[in-house]
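For the record, the sequence lines run as chains A and B. Straight run, no breaks: the first sequence in UniProt numbering ends on number 145. Straight run, no breaks: the second sequence in UniProt numbering ends on number 145.
No wet-lab data here; the hints were simulated from the structure. In this text, a Cβ means the ideal position worked out from N, Cα and C, and glycines have one as well. Among these hints, one or two may not hold up.
Claimed, not checked - What follows is a set of in silico ranges between Cβ atoms, one per label pair, in the way DEER data are often shown: (1) B:W105 - A:V71: 39 to 45 Å; (2) A:A96 - B:G22: 38 to 44 Å; (3) B:W105 - A:A96: 32 to 38 Å; (4) A:K44 - B:L108: 29 to 35 Å; (5) B:G22 - A:L108: 34 to 40 Å; (6) B:G39 - A:Q106: 33 to 39 Å; (7) A:R80 - B:R90: 43 to 49 Å.
Unchecked claim - Now the stretches of chain A that chain B is said to cover, found in silico as 3 or more residues with beta-carbon under 8 Å: (8) 2 to 11; (9) 93 to 107; (10) 113 to 120; (11) 131 to 137.
2 protein chains.
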Amino acid sequence: MESRRYLAAYVLFNQAVADHLGLHPTDVQCLSLLTADPGPRTVKQIAEMTGLTTGSATRLVDRLERGGYVVRAPDRQDRRRVLVTPVPERIARVTAVWDDLGPAWQSLLDDHSEAELEVIARHMRRAYELSHTQMQRLRSTPKPD
Amino acid sequence: MESRRYLAAYVLFNQAVADHLGLHPTDVQCLSLLTADPGPRTVKQIAEMTGLTTGSATRLVDRLERGGYVVRAPDRQDRRRVLVTPVPERIARVTAVWDDLGPAWQSLLDDHSEAELEVIARHMRRAYELSHTQMQRLRSTPKPD
DNA sequence: TAGTATTCACTGCGCGACGCAGTGAATGCG
DNA sequence: CGCATTCACTGCGTCGCGCAGTGAATACTA
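Take these sequences, add in the hints, and give me the full structure.
Here you go:
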């Protein structure tokens, strides 16, 4: 019950951040994941981590590129691929929102001990891993429709 | 970093559940919140807890009613209002998905002690509360556009 | 009590994100 | 050297959504 409200709140919060930046929740989600590990990604990788088709991922990159958040560059190893790289100075505008709201979150974390943070992080990590196997199971199960 | 991936995974998972049921992520989100406290809600309350406008909330209830997940009933106290009540037997189809996936999640929780679960729950509860105040702050801050 | 303002659910309208299916280019394989 | 596969990309149609307006019901005020 607690986690339901927690996750629902995150969806709303993500939406609010997106509105504030004039972006879409999907775009913010994508930028969040891109900056988590700022290495260049292919369009297909972006499609996988956002759950979209490659076609929609192309449009997503179109929007982000038009907004100046990322740049496209051809891959020298595989000329079919396109490498999408975030633009740090533009991304900073996004993280600025987080920084503004950061202290409150920081104090929330500071109230926990190291051991407690480890417990929380472990739970999230395991839930993250489990969700992937569960999603595969969902997709292989016939639909109840 | 851990929470980013955790939350991103939830979005994908929610999407997968929605696809599996032939619904939209927003609809699943709404049903999840409705069943969290199965009391009847007005359309406006649904709009608030999903972050939609009242107009879109009307369409949302339309879809859910057409699918048989909820029923509309007039409010006797205030005849402007419409009370939306979930249909248990139909909702069961949704929770069946959770039940099927439940044991794995249960074992995830069982690996934690009571004290650890309390730490996690407390963190989620506080993050939930904080997100609301942060969203208000976001909305009152001028957009950087 | 009469008149105004507010709140509720609802409805056309247009926008735009998305999935689907197909395209061409580049790569890997036998 | 063919053939299948994979990649990013592109029209097309669908549909969820916000916006602005409607009528009905309620709350407020003189």
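Open item on the list: Please check whether the region 131 to 137 of chain A has three or more residues whose CB lies within less than 8 Å of a CB on chain B.
Closed with: Our answer is that it holds, as 6 residues pass the Cβ test (under 8 Å) against chain B, meeting three.
Task: Per-stretch coverage check for the region 2 to 11 of chain A, three Cβ contacts closer than 8 Å to chain B - done: Answer holds; 10 residues pass the 8 Å Cβ test.
TODO: Could you check the hint for me, namely that G22 of chain B and L108 of chain A are 34 to 40 Å apart, CB to CB?
DONE: For G22 of chain B and L108 of chain A the Cβ distance comes to about 38 Å; the hint holds.
Task: R80 of chain A paired with R90 of chain B, Cβ distance criterion 43 to 49 Å - done: 46 Å, holds
TODO: Kindly confirm whether 38 to 44 Å is satisfied by the beta carbon distance between A96 of chain A and G22 of chain B.
DONE: 40 Å, holds
Open item on the list: Between the region 93 to 107 of chain A and chain B, are there enough contacts, at least three residues with CB-CB distance under 8 Å, for the coverage claim to hold?
Closed with: holds (count 7)
- [ ] Check the following: the C-beta atoms of G39 of chain B and Q106 of chain A are separated by a distance inside 33 to 39 Å.
- [x] 36 Å, holds
Open item on the list: 39 to 45 Å was suggested as the range; check whether the CB atoms of W105 of chain B and V71 of chain A agree with it.
Closed with: 40 Å, holds
TODO: Note whether the CB distance of K44 of chain A and L108 of chain B lies within 29 to 35 Å or breaks it.
DONE: Taking Cβ atoms as reference, K44 of chain A and L108 of chain B lie about 30 Å apart, which means the hint holds.
TODO: Go ahead and decide if the range 32 to 38 Å is satisfied by the Cβ distance of W105 of chain B to A96 of chain A.
DONE: 36 Å, holds
Task: 8 Å C-beta test of the region 113 to 120 of chain A against chain B, three or more residues - done: It holds, with 3 qualifying residues against the three required.
Of the hints listed earlier, there is not a single one the structure fails to meet.
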